[in-house]
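Go ahead and model the full structure; you've got the sequences and the hints to work with.
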Amino acid sequence: MLNQVMLIGRLVDIPVMKTTKGGVKVANATLEIEQGFKNGLGAYESDYVTVSLWRGIAEMIIETALPGSMIAIKGRLHSRTFECSDSKVITSIEVIAEHVSLLDKYFRGNK
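Counting along the sequence shown from 1, when you hit position 27 you're at 24 in my numbering, and nothing is skipped either side.
Some clues are possibly wrong.
[Said to hold, decoys possible] Lysine to aspartate or glutamate pairs mimicking EDC-like chemistry, simulated, CA-CA at most 16 Å apart: (1) 22 to 80; (2) 15 to 56; (3) 22 to 95; (4) 22 to 56; (5) 71 to 95.
[Unchecked claim] Restraint-style ranges between C-beta atoms, simulated for each label pair: (6) 39 to 16: 41 to 47 Å; (7) 39 to 98: 27 to 33 Å; (8) 37 to 102: 33 to 39 Å; (9) 27 to 95: 15 to 21 Å; (10) 85 to 3: 31 to 37 Å; (11) 29 to 51: 20 to 26 Å; (12) 81 to 15: 28 to 34 Å.
Everything labelled a hint here was simulated from the structure, so no lab data went into it. Glycine included, each C-beta is placed from N, C-alpha and C at the ideal position.
Next comes the structure, spelled out in structure tokens:
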């Protein structure tokens, strides 16, 4: 089986770093990906994708990226299922980033 995702989009805002109980650093980011076609009103729409950044990838994005930075992500899909307080079961799908590249010319530390 193949589980591979490649995305290019803009970082919505700077993710917040968290540390797991095991001491591993993780941050969740939202990537805005503009669709490659216009809707019926003549405007481009965007999809918003949650991306999970782990360890050094999380540190690099937090230290260098700015809101609106164009980034490329290679990763894999991961689904989680959990039960809400009202016994409703919810499935969430996110992208686990395995490789991230900054595509903008300007970012923190390079002005």
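Here's how the hints hold up against the structure:
1. 22 to 80: Answer violated: residue 22 to residue 80 is near 25 Å, above 16 Å.
2. 15 to 56: Given pair residue 15, residue 56 holds - Cα atoms ~11 Å apart, limit 16 Å.
3. 22 to 95: Given that 16 Å is the threshold and the Cα spacing comes to 14 Å, the pair holds.
4. 22 to 56: 8 Å, holds
5. 71 to 95: Holds, at roughly 6 Å.
6. 39 to 16: 41 to 47 Å: 46 Å, holds
7. 39 to 98: 27 to 33 Å: 32 Å, holds
8. 37 to 102: 33 to 39 Å: 34 Å, holds
9. 27 to 95: 15 to 21 Å: Taking Cβ atoms as reference, residue 27 and residue 95 lie about 18 Å apart, which means the hint holds.
10. 85 to 3: 31 to 37 Å: Holds: the Cβ-Cβ distance is about 33 Å, inside 31 to 37 Å.
11. 29 to 51: 20 to 26 Å: 21 Å Cβ-Cβ, so the 20 to 26 Å window holds.
12. 81 to 15: 28 to 34 Å: Because 22 Å falls outside the window, the suggested range is violated.
The structure fails to meet hints 1, 12 from the earlier list, while all remaining hints are met.
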